[in-house]
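Student: Residues per chain, in single letters:
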Amino acid sequence: MQADEFANPGMLWVTRGEKLWRTPAGSTGAACAQCHGEAAKGMRGVATRYPARDAHSARLVNLEGRVNLCRTRHQKAEALAHESEDLLALSAYVAHQSRGMPISGEVPAELRASFERGRTQYHKRIGQMNLACTQCHQQNWGKTLLAQTISQGHGNAYPTYRLEWQSLGSLQRRLRACYFGVRAQMPAYDAPELLELELYLAWRGRGLPIETPGVRR
Amino acid sequence: MLARVRVPREAKRGEIIEIRIAIQHRMETGFRLDNFGRPIAKNVINALVCRYNGTEVFRAEMGSGIAANPYLQFHAVAEASGEFVFEWTDDAGERGSERASITVTG
Numbered sequence: 004m005q006a007d008e009f010a011n012p013g014m015l016w017v018t019r020g021e022k023l024w025r026t027p028a029g030s031t032g033a034a035c036a037q038c039h040g041e042a043a044k045g046m047r048g049v050a051t052r053y054p055a056r057d058a059h060s061a062r063l064v065n066l067e068g069r070v071n072l073c074r075t076r077h078q079k080a081e082a083l084a085h086e087s088e089d090l091l092a093l094s095a096y097v098a099h100q101s102r103g104m105p106i107s108g109e110v111p112a113e114l115r116a117s118f119e120r121g122r123t124q125y126h127k128r129i130g131q132m133n134l135a136c137t138q139c140h141q142q143n144w145g146k147t148l149l150a151q152t153i154s155q156g157h158g159n160a161y162p163t164y165r166l167e168w169q170s171l172g173s174l175q176r177r178l179r180a181c182y183f184g185v186r187a188q189m190p191a192y193d194a195p196e197l198l199e200l201e202l203y204l205a206w207r208g209r210g211l212p213i214e215t216p217g218v219r220r
Numbered sequence: 154m155l156a157r158v159r160v161p162r163e164a165k166r167g168e169i170i171e172i173r174i175a176i177q178h179r180m181e182t183g184f185r186l187d188n189f190g191r192p193i194a195k196n197v198i199n200a201l202v203c204r205y206n207g208t209e210v211f212r213a214e215m216g217s218g219i220a221a222n223p224y225l226q227f228h229a230v231a232e233a234s235g236e237f238v239f240e241w242t243d244d245a246g247e248r249g250s251e252r253a254s255i256t257v258t259g
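Chains as they are written, first to last, in the working numbering: chain A, 4 to 220; chain B, 154 to 259.
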């Protein structure tokens, strides 16, 4: 289902993203394509390097965050809401351009501290279930949790079409679902905790090909 | 409503061709409740028609058992060059349409 360009429901969002790429937005009336040109060229390989450090604010941003920074800074448009159809469509469209390319997983020196916090977070027990990410997705993947097979917990196919959601969703949505699953308090979208975890996951999944838009159960 | 349609660009006369359509739609079943316990109104694409040069070749009536973002696949015989027109409506009365052209040789 994922490999079939047409049957993959995530491709609906990619198609939508392609339209948005050419649609002017904000007070400058500029479309993404005006600065970045054809996404197939300009955006190829970009998703393999995220999350990355935004030089201007010195903060960690993921692909969705980068799309919104571009909107507010350059297009002078309003930032798109988390998990909104348009934000998912644009980030899926951009990430789709890197399909098949390996995640770089490189951690630059200035992101080392964030990366280490992400690694700590990955190994820290949280919630009423008192579970860390590592206990399911590193030590017990492939076994079953009730009726479901535990995944290796890689983020290389996000934004992904999840059958449970019947919709496309971001990696942060999936991570928040895991927080909910272990009965821990869910961090807000774009919380440093989640971004650092995304950074650690990118390093952990280095070399895996980008599969966006993936299809997951 | 956003949709993707795939019809072969070219075909030989008499050839059986595969037609595929995927529509982005929530397909709200009407059985779910919102966070306050109020029922969410049913809203599914209830009818889809495909016409080939004006002749109806495919019709689907869908209900609440169809998953979100429905994907349909069917076959037709290529007879003449022309256009496939897809039209559908949902329970909220919203209409969508998509078209694809085909060149038939031989």
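Derived by calculation from the structure, the hints in this document are not laboratory data.
It is possible that part of the hints are untrue.
Stated by the list, open to error - Using C-beta positions, here's what the derived DEER-type ranges look like:
id, chain 1, residue 1, chain 2, residue 2, range
1, A, Ala194, B, Asn206, 40 to 50 Å
2, B, Arg173, A, His85, 30 to 40 Å
3, B, Lys165, A, Leu72, 44 to 54 Å
4, A, Leu72, B, Ser254, 37 to 47 Å
5, A, Ala10, B, Gly167, 20 to 30 Å
6, A, Ala194, B, Ala194, 54 to 64 Å
7, B, Gly235, A, Pro111, 41 to 51 Å
8, B, Gln226, A, Ala194, 35 to 45 Å
9, A, Gln169, B, Val202, 23 to 33 Å
C-beta atoms are modelled at their ideal positions from N, C-alpha and C, and glycine is treated no differently.
Student: Next step is simple, just say for each hint if it's right about the structure.
Tutor: Taking the hints in turn, this is what the structure says about them:
no.: 1; hint: A:Ala194 with B:Asn206: 40 to 50 Å; in the structure: 56 Å, violated
no.: 2; hint: B:Arg173 with A:His85: 30 to 40 Å; in the structure: 32 Å, holds
no.: 3; hint: B:Lys165 with A:Leu72: 44 to 54 Å; in the structure: 52 Å, holds
no.: 4; hint: A:Leu72 with B:Ser254: 37 to 47 Å; in the structure: 41 Å, holds
no.: 5; hint: A:Ala10 with B:Gly167: 20 to 30 Å; in the structure: 27 Å, holds
no.: 6; hint: A:Ala194 with B:Ala194: 54 to 64 Å; in the structure: 34 Å, violated
no.: 7; hint: B:Gly235 with A:Pro111: 41 to 51 Å; in the structure: 57 Å, violated
no.: 8; hint: B:Gln226 with A:Ala194: 35 to 45 Å; in the structure: 42 Å, holds
no.: 9; hint: A:Gln169 with B:Val202: 23 to 33 Å; in the structure: 24 Å, holds
Checked against the numbered hints above, the structure violates hints 1, 6 and 7; every other hint is satisfied.
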